[in-house]
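Undergrad: Below are the chains, spelled out letter by letter.
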Amino acid sequence: MTRTVESETELVVLPKKYGRRPAAQPRRPGLMKFGHWWWALPGIILVIAIHYVATAVGGFFAFTDWSGIGDFSWIGLDNFVRIFQDPSKLLALGNTLLLAFASVILSNIVGLGLALGLNRTLKSRYILRVLFFMPVVLSPLAVSYIWKFVFDFNGPINLVLKSVGLEEMVKPWVADPALAIWTVLVVIVWQNTGFAMVIYMAGLAAVPVEIEEAAAIDGANLWHRFSHVILPSIRPAVAIATTLGIVNGLRVFDQIMALTAGGPAGATETLATQVYKQSFALGNFGYGAALALLLTLIILSFAIVQQRVTSGPREEN
Amino acid sequence: MTQHRRTRVLRHGILAVAAAGALTLAGCSSSESPDESSDANQDFSFTFATSNNLESPYQTLADLYMEENPDVTITTNPTPNDKYGETIRTQLQAGNASDVIQTTPGSGDARGLIGLADAGFLEPLGDTAKSLVPEGSESLFEIDGKVYGQPLDFTIGSVVASFGNAGRMGITDFAWPESMDDLYAACDAAAATSGSLFALAGAAPPNTGLMAQAISATRVYAEDPDWNQQRLDGDTTFADSDGWKDTLQTIIDLNDGGCFQAGSEGGGFDAITNGLSGGTSIGGFIPSGAAIEIAKAAPPEAAFAVEPFPAADGGEPYIMASSNYTLSINAASKAKDAAAAFLEWMSEDAQQQKYYELSGELPVSAYKDMDLTGTIYEPVVDLLASSSYTSLPSNVWPNPSVYDALSVGVQGILTGQKSIDQVLADMDTAWDQ
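If you're matching them up, the sequences are chains A and B in order.
Be aware that the first sequence starts at 63, since it is given in my numbering, and climbs by one per residue.
Be aware that the second sequence starts at 9, since it is given in my numbering, and climbs by one per residue.
Hints are computed from structural coordinates only; laboratory data are not their basis.
Take the hints with a grain of salt, since some may be wrong.
Unchecked claim - Each computed SDA-like pair below joins lysine to any residue, with the alpha-carbon atoms no more than 25 Å apart:
#1 A/K233 with B/T288
#2 A/K233 with B/T201
#3 A/K233 with B/S285
#4 A/K224 with B/D278
Predicted model only: the values in this text are computed from it and were never measured.
Bound-form chain B, shown alone (with noise of 0.2 Å):
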């Protein structure tokens, strides 16, 4: 190859390399800025997450809309539920997100909208939106007094119990157990049938999770509902709280008095739907809503009702009861007058019905009106209507690690491996990471 050649050759190969740069610079940018999109676009896109291969009542919701609105058309993006949330998290980096996207409040999950809205991803909401959001837990939906996330539900995080199982497994005349010591006593009673009280999805960290903060709110938040703030505060720490020590201590108690399935430790979520649709045991730790998926899988007379773990003795009943689903706009989208729209539709008392209908879970906007007698929500009615609720606590937690700490050390506690003040002092440390 001759020198002249060389440097042709070179040249050309300079051009290719700054050609194919610019290409690839000119993808990764966008030729106008979110101020100049478009508005006038009636198609947007969703994406929301899915636990099964059920139609999803996003889903529904979103073909209703577009029936009622022909010149609409919705692109929906069905996540599965345990990568929704990193999926979500790298579409909005990456900024190829839906323009509808449902999110969690609070900062406690990689979903989190206070995370996403705080990172300039999420667009600020409306007056309806805001109208929306639960009283005292404004600071989960919003930042500087703009809302950033439409609250869909009302979720009661306690025990779901089968009644028609405890006959199934030939125990007669079971009443919920409103004391501990009742509670073991129906522990020995599922026990000596070779099931159990509770199916529980001890390898599953989510169910173990869900589990001690079910049990918190009798033991830490029943008594000082503010507890998350005082923690956020420095006034104290989850290794001298004596709730959460009871909690775990319960927790331990509950094991060893046999209320949860042989292997419990190593169960995943199959272990309580097959539990609770099979009839080997009476009630699982799973959110309100999940009962309608479970009951599609049970018996007719499997009779399902939502109920408040005991208080230990001498405690006031208090239960979790928050929403825990809520729809966001992305800040990036251009058709932000069609998605907000939607989000206007979702709110409405038809639609609110039809999510109830088809998922289980209260209505946010309704459910203080709703009579809800003869349903699965029946027994903490009055817990409902006195108040006696907080919020699901790991969504107000600074990050995801504190609740991470929790289920993972709620499954080194049933195996042995890790004792209540580590499990503690973990917690801790994830919340001042």
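This is chain A alone, in the form it adopts within the complex (with noise of 0.2 Å):
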């Protein structure tokens, strides 16, 4: 029972191993030969329907004024022109690769330590790894207002800063514009970084305690057995905790919305929230489109950029 769960973890963390495959099993027959690939059609159809025409049709949208009701026109890439042209847009496409890069980078970093540190020995590791964990499991909306409170002008960390003399730093840190991206930031690597070391712990169960061994027997110190053993080893785990944290990171929404809604003056407007704002709020709704193209060519991008980046090279038999 062990020995299959270890294997499936293998599947799933492990490179994979490419040459000579076995032979194909021949299909059973009976319950394999009774399914038609048409049974699936309904589902094929609606996933078309709702991902795949629905995106096409709000791409369609990036290339005319609608306001959201009534009549539109057609007016090529204006839209794009004056999202090049606004400072505003441009600070939220820079806000959003900042929260993204920053987000994944220090998710990854702390998640990895708690992962390694939690990995063995430790006797409450489990106890540990769950409180860790939690964050993820909250709702984002709930956790930005708690953190909402804790950055309120009259919440606690002011209190504190207070209590202790320090009355020159209580600030409105939401509203501070040097400090309110920052304050996002914080919020989103607290949540994130649970769900980068249970990633990462999966990827440390799969490596051989007998492989770090044998180094640290060939007088392999920590780093170098980190270095050359076990990063290697979890390199699929980086892939999958980095792909993943970037693109969350790229379309981060709650958070924002809940902590500053893009304030102050816009510090902290990112791609997302202003699709958003221009397609609702305002009634923008082209030019919101135009923002979602862009903002999902550029998730895109990053996505498969970085799939390259860290599948690394293939592995010979």
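Both chains are sitting in their own frames, so use the hints and assemble them into the complex.
TA: What follows is the structure in structure tokens.
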């Protein structure tokens, strides 16, 4: 039983073994033969209609001046020209990239550190794993409102600062133009770290203890064992954690809307919050669709590049 | 799989796709046009915005209507205020909006009736609605002489102040300042008690926007009541307007003068509620009706009153006052007669009085004849009588982005991110988009 679970974990986290494959087993008659591809047709139709057709229609409106109701006109690339000529949208683009990359770097470093620390030996590791993973299962919106209270001018941070005589450091954290984006980053990293930790723990579970012990016997110190044995072994976990992290980071929305609503004065706006505001709050659906299309292309590009970078060289048998 | 079987599977697949497509199209289309709808239906639905978990005045009135008309069932759809505009737009576009919809006059808001009527989503209303439209505000309710929203209220957009709070803060003999010098003196007196003259939700753009509009009443519209029309005609711009520059400069002066609570730039609406009900602030820039709700959380001695913001030196007192809430009928409704009967009932004096008691908003049909002595409106009675007021500018502006640029810009001014010229240029850009 245990062996089966490990094998499935290995299938997920270990690199695929290329080279000669065992001959495919002939299909079992009976149950497998009973299925037909067109049974999946309703599901396929729904996926195409809800995901791809809807996205394509949204993409179409990016080239129009539709307000969300009534008629519209085809305006070509005007919406995209407006985006790149508007400093507030370029700031939103910069914030999007900053939050995505900073959150993925910090979440993964801290998550990997926690996974290494809680991988073996520590007696209280199970309870600590639960505690560190807990923020992941909480609603981002609820978590952000709690953090908003923490960062509030009359909140606990400022109360502590006042109580230790640091009144000059008391400030409205989420309304400070220089600090607001970092408060958002803190919340995102706090909530995402547990997710990265779990992925890395799954990866670490597949690293054979014998290899680590062999490296230690050969004189490799802690850092060398990590960089030359563990890290290469968990490369697929790194790929998964960073890809998911970057995609989630690029489309972060809840935390910003709850903490700052894009403020102060647009200092924490991202493409995702701008898509929402332009499309629905301000009635510029075409412009919002153009921002959404841009965000989609950015996510797609980074996901592809990131996958290529972290996939590593193909292993030879 | 044989060739024959593959062909059969393909044929089944194509048939399944066609059937699914036909079902989808059938679901998306209506089998009858609005003209063919039955007006005999007595039941209808009603969507309105709510800001809290208290029972909405609309809900109470709908219940009362059903009580008086047992054969009528109203399905109410209270919708959160912050998502209200986008919700009704999506529902109207999708064809599943309620029969009666709460809207706002003009086009400066996502729920603005002009934009919705222009897109063909609203039904023209009758003579009763037309008779309720405040004089001079026709352009906010009508297109080509047809009225698309029945006004309900007459809201004052100025300062709501609590004289009881001044006493609770230790300021004796507090009188509402009538000049800017008096106002800054009041700010100093309030700040000396660790409180503030104004509670401001600096991180909530609607509040910063309302504050700017309330101040602009004396700086812009007292001198040029038709300033918006001049802007529409291209005769002026925000950037060229001394009145608008003075308005934003006043906000900077108020901030520098310690008139707002500490950390006001990060405050939400809770800062206003807590400040006014908790007795740490004397006033706030909130709609007049909101005073009723805050009064429920404040002690009885809070003594709220609607006060005008002081004019600049040499200026005349002036306030924002207009109908901010309207009821409209969905053009695709199948119960238009029942919906129209409800609107007719809502316009009657008894219901208008009930609405005033429940919401605190003055009734649009009767506010001129009401004796407002001893009410929160007493300080502005003379201004109303002398017509020293104008409609809320954001209702008149051509799109929601102008008000957004003002609201966000004021927050930028408070945090030092934006200059007055930048904010006004942003408003001009939004106007011309």
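Undergrad: Please go over all the hints and tell whether each is borne out by the structure.
TA: Taking the hints in turn, this is what the structure says about them:
Using a Cα cut-off of 25 Å, the hinted pair A/K233 and B/T288 holds, with the two alpha carbons roughly 19 Å apart. For the given pair, A/K233 sits about 20 Å from B/T201 by alpha-carbon distance, which is consistent with the 25 Å threshold. For a cut-off of 25 Å, the pair hint linking A/K233 to B/S285 stands: about 24 Å separates their Cα positions. Taking the CA atoms of A/K224 and B/D278, the gap is near 22 Å; set against the 25 Å cutoff, the hint holds.
Taken one by one, the earlier hints all hold for this structure without exception.
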